[in-house]
Each structure stands twice: as structure tokens, then as C-alpha cells.
Amino acid sequence: MTDLNTLTIAAARDALRKGDTTAVELTEACLSAIDAAGALNAFVHHTPDMARDMAQAADARIKAGNAAALTGIPLGIKDVFCVKGVPSQAASRILEGFRPEYESTVTQNLWNAGAVMLGKLNQDEFAMGSANESSCYGPAVNPWKVDDRQLTPGGSSGGSAAAVAADLCLAATGTDTGGSIRQPAAFTGIVGLKPTYGRVSRWGVIAYASSLDQAGPMTKTVRDAAIMLGAMASVDPQDSTSADHPVPDYESLLTGDIRGKRIGIPREYRLDGMPAEIDALWHKGAEMLRDAGAEIVDISLPHTKYALPAYYVIAPAEASSNLARYDGVRYGHRAKLGQGDGITEMYEKTRAEGFGPEVQRRVMIGTYVLSAGFYDAYYNRARKVRALIKRDFDNVFAEGIDAILAPTTPTAAFGIGAMDSSDPVQMYLNDVFTVTLNLVGLPGIAVPVGLDKKGLPLGLQMFGKPFQEDELLNHALVLERAAGFVAKPERWW
Amino acid sequence: MSITEDQARKVAHLARIAVDDAALPALARELNGILHFMEQLNEVDVTGVEPMTGVTPMRLKRREDVVTTGDMADRILSNAPDAREGFFAVPKVVE
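Heads up: the sequence lines are chains A and B, in that order. If you're matching positions, the first sequence starts at 1 in the working numbering and goes up one per residue. If you're matching positions, the second sequence starts at 1 in the working numbering and goes up one per residue.
Honestly, I wouldn't trust all of these hints.
As a list, the in silico DSS-like pairs of lysine-lysine whose alpha-carbon atoms are at most 25 angstroms apart [claimed, not checked]:
id	chain 1	residue 1	chain 2	residue 2
1	A	Lys390	A	Lys305
2	A	Lys349	B	Lys92
3	A	Lys453	A	Lys284
4	A	Lys284	A	Lys261
5	B	Lys10	A	Lys336
6	A	Lys261	A	Lys465
7	A	Lys454	A	Lys145
8	B	Lys10	A	Lys349
9	A	Lys453	A	Lys261
10	A	Lys336	A	Lys284
11	A	Lys336	B	Lys92
12	B	Lys92	A	Lys390
13	B	Lys61	A	Lys465
14	A	Lys454	A	Lys465
15	A	Lys465	A	Lys284
16	B	Lys92	B	Lys10
17	A	Lys18	A	Lys84
18	A	Lys454	A	Lys284
Residues of chain A placed beyond 12 angstroms of chain B at every Cβ, according to the derived structure [stated by the list, open to error]:
id	residue
19	Asp298
20	Glu345
21	Leu451
22	Val486
In silico negatives: residues of chain B with every beta carbon more than 12 angstroms from chain A [what the hints assert, rightly or not]:
id	residue
23	Leu27
24	Asp45
25	Asp65
Just so you know, these hints were derived from the structure itself, not from any lab. The model shown is predicted, which means the values in this text are computed figures rather than measured ones. Note that the Cβ used here is the ideal one computed from N, Cα and C, for glycine as well.
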């Protein structure tokens, strides 16, 4: 048998049920792969004892004949998810030593489905970033590499992407506030799905921007994304924005039949100076869908250009409010105080020491745009523009469009440290194709489609209608089959 | 609009983040860069548009206003940097 850690969820599940392998063997294969991959800095908290206990329980469950969707499947969990008793600090120093007393709904759903917890994965601090460089654990490293430079796996779910691409786990959880599942998936040649806002519970997921945050699966295949989404999603009374839609069996709805579907190609996504390779890939993707019987339609989403500035008002505003809870009182880090320091000094010193530069920047921008005198000029204006962006999508769907095809990122993975941190706006431009979807709450999926001329993965993304992840996954399956992307990073770590 | 060093100091204080005076010019420059980027939003005609709060057309769920959980002070205090006698402890607030 091939190395067990390289299996997909679907293949591992079938092998487990046939008795060809055990959850314990699968888990040991992943734990060894993790031990050998320190150079990737993907796993930042290791839970091997927990993994072995859960694997044994999974084997007993399989033997008893009542295996669930993910029984015995070893997963990595992004640090942003609270896992009871396991360090969960969203890659921030301010949550150093924090061990949640409760479990996030997503991870509880995964454990109920029989999944095995391998450990916590690296990310950008509080999920703010596109290169996994603003992490208290240091940057995660992309397993893909074409010269002696180390490349970023993207962010914020960079550890999740690196771990799945390097076969350290069968799949991983991610969260996507402005592209944090889809961009790293594209940079590492894996599949990343951001569900519709409200599809997956946010309970126990350390908040960045509550009206945009959504958790989703990062997997090796589209089928695996369908399986894992089915296990992650639920209707949750603990999350007031959790949607009251029953969770379908996404895998059984995968048909690969998209005949007669109308796919929109938004002309505003064709940027000046976009690399020819990305443009060519986009054309190729459209042809693949056409060959499968879909109709390709040029569409317009006129407010696209304003998504990025609107996002960088709304997300920091919500972050400044959400992150007010880190005050050195209830959990995590508290600064050492000097003689005569009062409570204000305690707050200010704690937050200056505990938050990294990008988080400080976003909290301050958020504070500014919400402050008296600027609220209307920035925050309310951004929320009005958001309504117009939403209207663009409502219009194209009303005209009969079923899904939208776009590039995921403007470039392939770049070098660690290549983004000039003194110009945050330059960094924000990485998110140009991804943030729109979060503003409008729609589901989106990144699928690896090819390699650039240097040999780095490139992906395309598809957007779907609200709560129609089944349809979206079907489109993605067609793209995946037609592209036949099988490349793996050559092991150097 | 542009942010002066004084305004940067004020924002940092509102956000309860200590910033050295020496770091204020760079902070003001950075914040100005970001705000300048946001000013593109002024090109959009938003007359008559309601600001959007949530993306899903749904009414927030309601439930009976009753106590559903509690009696876990120990668990709630277990992560506190300083907890004493069932309370969170902080530096003196009132002189």
C-alpha cells in the first residue's frame, strides 16, 4: 500500500471499512510525517496522545460497525479553533497559555463524526494576513519550492495548506474572512472551500470579523471537501447567525453533470498587469466547463473594484470591537506592570506586547473608522458600498447565472519576506479576487488547475449561490477532473 | 483627510495600545496610506442605499430570556492571569 498519510479522505475511509488498514496505522503514518516536517512549521501544537486515543476509539467504532463519515480520519486543526484543553491562541502572543474550557462546534462535529486530532496548525495572527508571516510561531513554509528560496503557503490558513499539501494530514480545517482558505489552497495546489456565511457555526472560533468569518475544509480533492463540509456544517443554537438549513449529504450529490448550467465570467476581474499565465488559465478553465456542457456567459459585477477598500474598512472595524476582549484580565498574557501603573497602563502595555504589528494596525484603523466624526465617512459608507456589491451578485443570479469562474490569486506563491511590510496596502492587494465573496456571504471554492512555467501551482475559484454548496462542488468536480491536477511538491524538508 | 501625530496618539489610546512617541510619525504615515486607499469609496454614488449589516436575509434567532447555564466560576477563572477568591484581580481602579 502507498504511504497512508498520502491518502485522500475518501480512499482512507474505504480502506478502513474494508479492513485494509486501521485508524491507528493511518494516525501513526501522519504523526511520523509531522515529526519529519519541522522545517515547514505547519503544526505548532502537537497532540499525539490525543490522536492515538482517538484512533483506537475509531478502530473500535469501525469494528462495531457504526462508523460515521470521518471515523478514523486524521485531521489538522487551525489554531483559531478552540479545542478543549489544547492550546488555542490564533497564533497570537496575547493568548499565550490559553487552554479553552470548551470545544468549538466545528471541532465537536468533527470528533462526533469520528475524526482524529493530530494537532494545531500555524496561521496569521487572528487570521489577519495573506502570507502566514504575522504569526507568533514564525512563518509556515510552502512545501512547493522551485529554487533555494522558501515560499509562503499563503495566509491566513497557511499551516493548514502546507500540512495538507505535504501529506502531514489527510485534510485540515481553515477559516476564510477575506480569502484565508482559498488563497493558501491556490498557493499549495489543494482544494479550499469557503461555505455560505451561516452554513458552519462560528461558536468557539476565535473571532476576527464576525460578519465575514466562515470556517471550511481544506482537502486534497473536491470529493473530500464534500465529505468534510458535511461533517463540519450544522445548525447551531450557540451561533445566532447559524442558518436554519438542513445539511445535505454533499458527497452523494456529486454527479459531475453540469450540462445546461450558465457560468459567468466577470469582466471586472480582468486586471491591468495580470500575469498572462493567470489569464490563460482562466480561459482554459472556461473551456473545460464549456466542454462539459455548460454555457459560458460574460457578466459584469460593476462594484468589484470597491470590494477591497470596503473590506479594509469593515474587517478592521469589526476586529477592533472583537479584539477589545484581550485586556489582560480574563485570559492569556498580562504585561508586567511598573510602580504606580493603573488599569489603563495594564491594558495598553498588555495589548502592545501581546498583539503583533499587523493586528495593532488593523485594531487602530478599526478604532479610527468607528470613532466619532469618522463613522459616517468611512464605516457607514463602506457598508453602503457593501450593499451595492451584494446587489451586483443578486442581479447576475437573477439573470440566470448558476456559478461564476474567476482566478483565485493574482500570482503564484511568492517568497517569504517578499512582501514589503512597510506598505500594508501592497499586501492587501493579494486579496483582490477573494474578499468580494466574504462581503456578500456566498460560497466559493478554490481548485488547483495547473502549474506556472516555474512549476508552482495555480488555481481557479468558483462562486455559487447561497446554500447551494452541492451545486458549487459539482462545478468544482468538473474542473478538477478536466484539469487532472496530480502534481505534488518534491520532498526537500 | 489625513492623520497627524497627535491624532495617531489619540487613536492608539482609544485602542488601548501603548505606542512610544518615537513610533508615532511612522504610525501616522501607515494609517494615512491605508486611509488614502479607502478613499476610493468616495467615488461611489451611495444615495438612497441602506448600510448593510448582515449578508443573510434572516431575523436573528430569539429564545426565552432565562438562565440556561452557569455555576462554572472555576472554569471561567481558570485562564485568568490573576484570579483570587472567585474574582478576576486587576490593579487598583479607584483611588
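Now for the hints, and whether the structure bears them out:
| no. | hint | result |
| --- | --- | --- |
| 1 | A:Lys390 to A:Lys305 | holds, 13 angstroms |
| 2 | A:Lys349 to B:Lys92 | holds, 16 angstroms |
| 3 | A:Lys453 to A:Lys284 | holds, 15 angstroms |
| 4 | A:Lys284 to A:Lys261 | holds, 17 angstroms |
| 5 | B:Lys10 to A:Lys336 | holds, 23 angstroms |
| 6 | A:Lys261 to A:Lys465 | holds, 13 angstroms |
| 7 | A:Lys454 to A:Lys145 | holds, 9 angstroms |
| 8 | B:Lys10 to A:Lys349 | holds, 16 angstroms |
| 9 | A:Lys453 to A:Lys261 | violated, 32 angstroms |
| 10 | A:Lys336 to A:Lys284 | violated, 58 angstroms |
| 11 | A:Lys336 to B:Lys92 | holds, 15 angstroms |
| 12 | B:Lys92 to A:Lys390 | violated, 49 angstroms |
| 13 | B:Lys61 to A:Lys465 | holds, 23 angstroms |
| 14 | A:Lys454 to A:Lys465 | violated, 35 angstroms |
| 15 | A:Lys465 to A:Lys284 | holds, 23 angstroms |
| 16 | B:Lys92 to B:Lys10 | holds, 24 angstroms |
| 17 | A:Lys18 to A:Lys84 | violated, 32 angstroms |
| 18 | A:Lys454 to A:Lys284 | holds, 18 angstroms |
| 19 | Asp298 | holds, 23 angstroms |
| 20 | Glu345 | violated, 8 angstroms |
| 21 | Leu451 | holds, 33 angstroms |
| 22 | Val486 | holds, 36 angstroms |
| 23 | Leu27 | violated, 8 angstroms |
| 24 | Asp45 | violated, 9 angstroms |
| 25 | Asp65 | holds, 14 angstroms |
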